[in-house]
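Based on these hints, arrange chain B on the given structure of chain H.
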Amino acid sequence: MTRNGTRPGHHTVVAIVEDKPGVLQRVAGLFRRRGFNIESLVVGHSEFEGLSRMTIIVDGASAPVEQVEKQLYKLVDVIKVSDLTNEDAITRELALLKVRCNNVNRHELLDIAGVFRADVVDMATNSLTLQVVGDEDKIDGLVKMCAPYGIRELSRTGTIAMTRGQKTTTVHEAEPEAIARVHQSQGRRVETKELPFSSD
Amino acid sequence: MVRMTGSQILLECLQREGATTIFGYPGGVVLPLYDTLPQFPAIRHVLVRHEQGASHMADGFARASGQVGVCLATSGPGATNLVTGIATSFLDSTPVVAITGNVARTLLGKDGFQEADITGITQPITKHNYLVMRAENIAMTVREAFHIARTGRPGPVHIDIPKDVFQEEAEFIWPEQINLRGYRPTTRGHAGMIRRAAEAINRAERPIIISGHGIIWGEATEELVELAEKAQIPVITTFLGIGGFPETNPLSYGFLGMHGMYHANMAADEADVVIGIGMRFDDRAMGRFNDFNPDATIVHIDIDPAEIGKNLPTAIPVVGDVKHVLPELAARLEPRARASWLGWIDGVREEHPSIEIRETRRLIPQEIIRTLYEETEGQATLVTGVGQHQMWAGQHYFYDSPRKLISSGGLGTMGFELPAAIGAQLGAPGAEIWAICGDGGFQMTMQELAVCVDERLPVKLAIMNNGYLGMVRQWQELFYDENFVSVAVTQPDFCKLAEAYGIRALRVETKAEVLPAIREARACAEPILIDFHVDQDENVWPMVPAGAALSETIEMPEKELAR
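Taken in sequence, the protein lines are chains H and B.
Quick note on numbering: our numbering labels position 117 of the first sequence as 117, and the sequence is numbered without any gaps.
Quick note on numbering: our numbering labels position 358 of the second sequence as 358, and the sequence is numbered without any gaps.
Because the hints were derived from the structure by calculation, they are not lab data.
Any given hint might turn out to be false.
Short derived list, chain H residues pointing at chain B, Cβ under 7 Å [unchecked claim]:
| hint | residue |
| --- | --- |
| 1 | Arg33 |
| 2 | Gln71 |
| 3 | Val76 |
Quick caveat, the model's predicted, so the values are computed rather than measured.
Even glycine gets a Cβ: it sits at the ideal position worked out from N, Cα and C.
Next up, chain B with everything else stripped away, as it sits in the complex:
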């Protein structure tokens, strides 16, 4: 038996769990832990500039690598600053372990300096959380936390440790087994339900698959492709599901939802059997629930039983891991040609093109994204913020494999892009990472530019700078009678700002400059920023207005087409 301090046990356990990159920020109560850090040279600590950045970086790291991301903060304000990032992970089901220090045990509950009831705060936004009151419990807690974060429906787990527990000595015992009697995710689908699902699909004339983030986290792309091709079922994805089914596959029909493809929304509305796989029938994807394709039989395959029937009545639920369920379902499907159904969707797509780049002299973001796609041949990873640029990044770049689009879907967290791109670059060191930024969101987390420099990360930052909080402006234009309030944002000269950090920067104001700038960025082995001064008036189309049904999708109006 080895006696170790709580700090040593924690770092030893993180190392054994494979967490060799930690995004963190020191402070009073975590000083014992930072004091111990040099004893573990295999662990790389990335010093962030704001704890929110740490939680987004851990998230981006997880999404790019498929591994658990780890972030660390001190008590009180350090801990509360992590909250937005933890909530982002929770809504998008990504595996993150967030560690915070707290005041010493004797001071807990006494409102001491920098005390916050952080486990009380994170409880509704974590998959599980812990307050560790003894050093001897740290090892089991870390084991359980990683297990809970990465298995079943992934999610963030938070561990809070009082300062004196870091200092307390205990025997170090690595727990070989975990026994969580209240946590046993169902992975094998119910055979009877799979049979019923297969029968419904075999009978269907117009089946459609809506695949989600679960395909990416379940690593079931191959299984999904096999199933779809065998039964000739068209596949549309949710926004977070983009890349889970190769968009280059002929059966791929893009993504659905508020700013999804017109034909994808119509197909979901026209289908006789809707097969949701690894997704949760979210309102942004499905439009008004009551009017979502009332005649369709809904088959729902997901690992989280609580998602079944939560938003839409489900006829055939299959609870299980898509990796196991899809091959079993595919084996029961009859090979069928569905030429007329596919032809129907093709016809809608031809008649109502959603992602054509129109001829215009203006510098429009859609064209920048498309140029980036062509230039990178679809092999880059795009990390976006939230808003118009996010939707254009989803629409105009085509993703042929998972983990190439990293975006805050569920929580819609502006400012996610820069820190998440840093995390993604560390999680996938060989990848070409492009942070597609909004000029609004970028200003929320731009202090993390320093981290790109510290860590010498070749992250490419592309700001779609239109001087507006574009999506808000679009809503004010369309639904608030052009009453523009607090949407024009002033901003620093982003190029000078980057240069102040020692980051190379390019300003692009005309179409002719786009391609050379992208090429220069691609050739750059260091961080580089491109400030694209884009048209101010572009709106994202198609659009399902808030509270409308998918069948009410609106396309780009004539006057905007002509602009």
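Next up, chain H with everything else stripped away, as it sits in the complex:
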């Protein structure tokens, strides 16, 4: 276990990619073709309009992470790749668990939820639904504790990651504006929200 929650043998890779149709397929196709095993892959919007952020957990045994990074960089739609495995970083995953319970053991489950700082987001006569946020190990821990009661449904989001402190894995902050300006000068339709962005 490294200090950021990445499991031994796994790598946490963050890719900033163009928010265009087909990008997910390009990345997934690359991993399939080169035989890199994906433990989890999460895509969502980034701080810039037009750019998405992917967090990919790769099984390091299937490929040297350096090859993974270089192959990702070869995709024209991939703008920046960072390996956070050995960085001081926050890694988080969210999970929803629907656990079987009854009047007798409900309080036990609520105790367990409390220990894991899980929220009860729904309750029925014979089940309750927990929402938990944490690194993979924490969620695994809660799952293990709930298993004896009977887990009716489990949904995990996969891991997202971010470096701690001043350091970022984002693209250079002046870039999107400059690029939007170029697009505009070329007569491309540019959404106004694509232009400036507030700095924090």
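Chain B only, in chain H's frame:
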């Protein structure tokens, strides 16, 4: 501002990018584009007979001219027929822009007539691909596609355009600038790495350069010659690197690999510093990776960072354009005489000759290629298919400049020869183009003979006709206990076939007929075919068996020498 249709914008942009030859085949969804074609008389459209031919022709055009080749096909089967040619370009890193039509936007994803998810199909075999959903985006897409295809490590780019986007009107704006934030090839080598590479080479007793296709596409032959001569480093090439370093230079030691020169393989195995330049340490060149010269320090210079360390552990990587890196490296190299090392390789070459033509009464392909070399004084361009004849064309013709050997190396595409030769002739109109064909591969794309006639191309077709899929037969003989399965190919009378197309044809069955036939072909200003009925049992030597190391190269066995 000018309003134009998508078709007009596309053709205007192709013209501005310098693409004045397009290899294509019409069909339903590209009809609007073909309808517009006569408005652009400067663009020459070559009508192929099968779309695979179009993609190989675009590739051959690119390899002969150094320019981007362009091919065009309709949706569905037209598009899927391009795939083999696109994959061929991808594996050999040649700049091709492939354009396909697709069904109208409203029908996309509905499995309409002749719909194929062609961008999904070409995604892993292109450098990049596009589905253009608005006519206003065509101009920027074409600009980006040509830029991506021809810069960095070249490669094919595919553009898919739905039928109604060809018909849609938009303002035409020629984009002056391209800004691809995710695509910025590194061209300048890292100064510190170049210094380390120079130190390693200066210290080396037995350095060797393995130069590849990148020298040809980087147009760095002069820089390579200067570097090699200054530091007296012997140069061997990969198969696709042939011609990148003049084979007439005393420091040239031929090509290495599965059917490379014996001495080249031994030298690569004996070297203390191996300098790979514009190449990717492919398995066919290097033999078994684990046993490739484990003691050598590997210096790898290439424009694609992903090739560094992919197959072999690299001690000193230099990512950059060879055109920039080689002069910087050469400046740091000390002039040295390496007489004993060169003498060692010369000695191996003398003791183990790889490309001697043996005395025999049989009509053997090696001798035909050598005769062609002597007769053309090395000035012809050879375009080959894949198999035995391809290896002999590499071994027995000597190439003193780049772009003289055009061949499908990475993908190994049989049937490449005829269409690629047509493309090469159009890309280099003054060149003497010889398609060296196998009788198997020729039958895969021979319908393109019609294009030679249509376009009045003086392509010379030399079929090395041995009645077998020769390389497969060789493997069955050597590694499958002479269990010959599905390797004897029947064939039409190639001369009659050529004549049916209105192409002159000669049949050669004896040695005495070889030279007159070659002379007649050279004097012919039209397409001409020579059907060489060669010996059936010849094998290609030397050979590194699949999965063996370069040090395990086998030479021609005694019994074959005596034949």
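Going through the hints against the structure:
{"no.": "1", "hint": "Arg33", "in the structure": "holds, 5 Å"}
{"no.": "2", "hint": "Gln71", "in the structure": "holds, 5 Å"}
{"no.": "3", "hint": "Val76", "in the structure": "holds, 4 Å"}
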